[in-house]
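Throw the hints in and build the complete structure from the sequences for me.
Taking this note's numbering, the leading residue of the sequence shown gets 115, the next gets one more, and so forth.
Since the hints were derived computationally from the structure, they do not count as laboratory data. Heads up, the beta-carbon is just placed ideally off N, CA and C, and yes, glycines get one too. A portion of the hints provided could be inaccurate.
Unchecked claim - With a cut-off of at most 25 Å between alpha-carbon atoms, the simulated SDA-like pairs for lysine to any residue come out as follows:
hint, residue 1, residue 2
1, 136, 153
2, 211, 194
3, 136, 170
4, 211, 137
What the hints assert, rightly or not - If you anchor each label on the Cβ, the simulated ranges turn out as follows:
hint, residue 1, residue 2, range
5, 216, 161, 31 to 39 Å
6, 167, 140, 28 to 36 Å
7, 157, 190, 18 to 26 Å
8, 142, 236, 21 to 29 Å
9, 168, 191, 18 to 26 Å
10, 224, 180, 14 to 22 Å
11, 229, 152, 27 to 35 Å
12, 216, 118, 30 to 38 Å
13, 151, 178, 14 to 22 Å
14, 128, 165, 18 to 26 Å
15, 189, 153, 16 to 24 Å
16, 135, 178, 18 to 26 Å
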Amino acid sequence: MPTPSTVAIIGCGRWGATVARKIDSLQPFRVTHVFDPSPGAATALLCDLNDAKYATSIREAAQHVDCVVIATPPHTDRVMQLATVLNAGVKRIRIEKPMAMSWEDARDMKRMADAAGASLSIGHTSVWNGLVYPLSRHVSVLHASRRLQQIDFFR
Numbered sequence: 115m116p117t118p119s120t121v122a123i124i125g126c127g128r129w130g131a132t133v134a135r136k137i138d139s140l141q142p143f144r145v146t147h148v149f150d151p152s153p154g155a156a157t158a159l160l161c162d163l164n165d166a167k168y169a170t171s172i173r174e175a176a177q178h179v180d181c182v183v184i185a186t187p188p189h190t191d192r193v194m195q196l197a198t199v200l201n202a203g204v205k206r207i208r209i210e211k212p213m214a215m216s217w218e219d220a221r222d223m224k225r226m227a228d229a230a231g232a233s234l235s236i237g238h239t240s241v242w243n244g245l246v247y248p249l250s251r252h253v254s255v256l257h258a259s260r261r262l263q264q265i266d267f268f269r
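What follows is the structure, encoded as structure tokens:
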């Protein structure tokens, strides 16, 4: 079995907690750190996760993981949050939609990730739809059997 990818969750509100529980249930991922400016929200989420720890800052959470999910409300300073994660050296980052509150912030975030050599993806609600996983498996089988041509992106 491959070594699990470790994940930090930034933002432990309703949506961040949903994302964290889902990721923690998937192989080969393991949520190991959570951060929220409200320690109560983070503590409540920790009860649902296997081995996660509360981090006292975004930087502390990001220093110990392979991937970071930013699930804070979109009106918070996501540019600063992304900069903190990138400065900690994380190269795989997912931001829950919407990415930013302005086109300029989104462009700046993309440029920051590119400059750091990081992969930045945007979450989409239907990822948690019960049909997505069986559909993705079906598409993978079709692709493997060469009955489906190149897939540029699916997840």
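Status of each hint after checking the structure:
no.: 1; hint: 136 - 153; in the structure: 21 Å, holds
no.: 2; hint: 211 - 194; in the structure: 16 Å, holds
no.: 3; hint: 136 - 170; in the structure: 23 Å, holds
no.: 4; hint: 211 - 137; in the structure: 16 Å, holds
no.: 5; hint: 216 - 161: 31 to 39 Å; in the structure: 36 Å, holds
no.: 6; hint: 167 - 140: 28 to 36 Å; in the structure: 19 Å, violated
no.: 7; hint: 157 - 190: 18 to 26 Å; in the structure: 20 Å, holds
no.: 8; hint: 142 - 236: 21 to 29 Å; in the structure: 22 Å, holds
no.: 9; hint: 168 - 191: 18 to 26 Å; in the structure: 21 Å, holds
no.: 10; hint: 224 - 180: 14 to 22 Å; in the structure: 21 Å, holds
no.: 11; hint: 229 - 152: 27 to 35 Å; in the structure: 31 Å, holds
no.: 12; hint: 216 - 118: 30 to 38 Å; in the structure: 36 Å, holds
no.: 13; hint: 151 - 178: 14 to 22 Å; in the structure: 19 Å, holds
no.: 14; hint: 128 - 165: 18 to 26 Å; in the structure: 22 Å, holds
no.: 15; hint: 189 - 153: 16 to 24 Å; in the structure: 21 Å, holds
no.: 16; hint: 135 - 178: 18 to 26 Å; in the structure: 20 Å, holds
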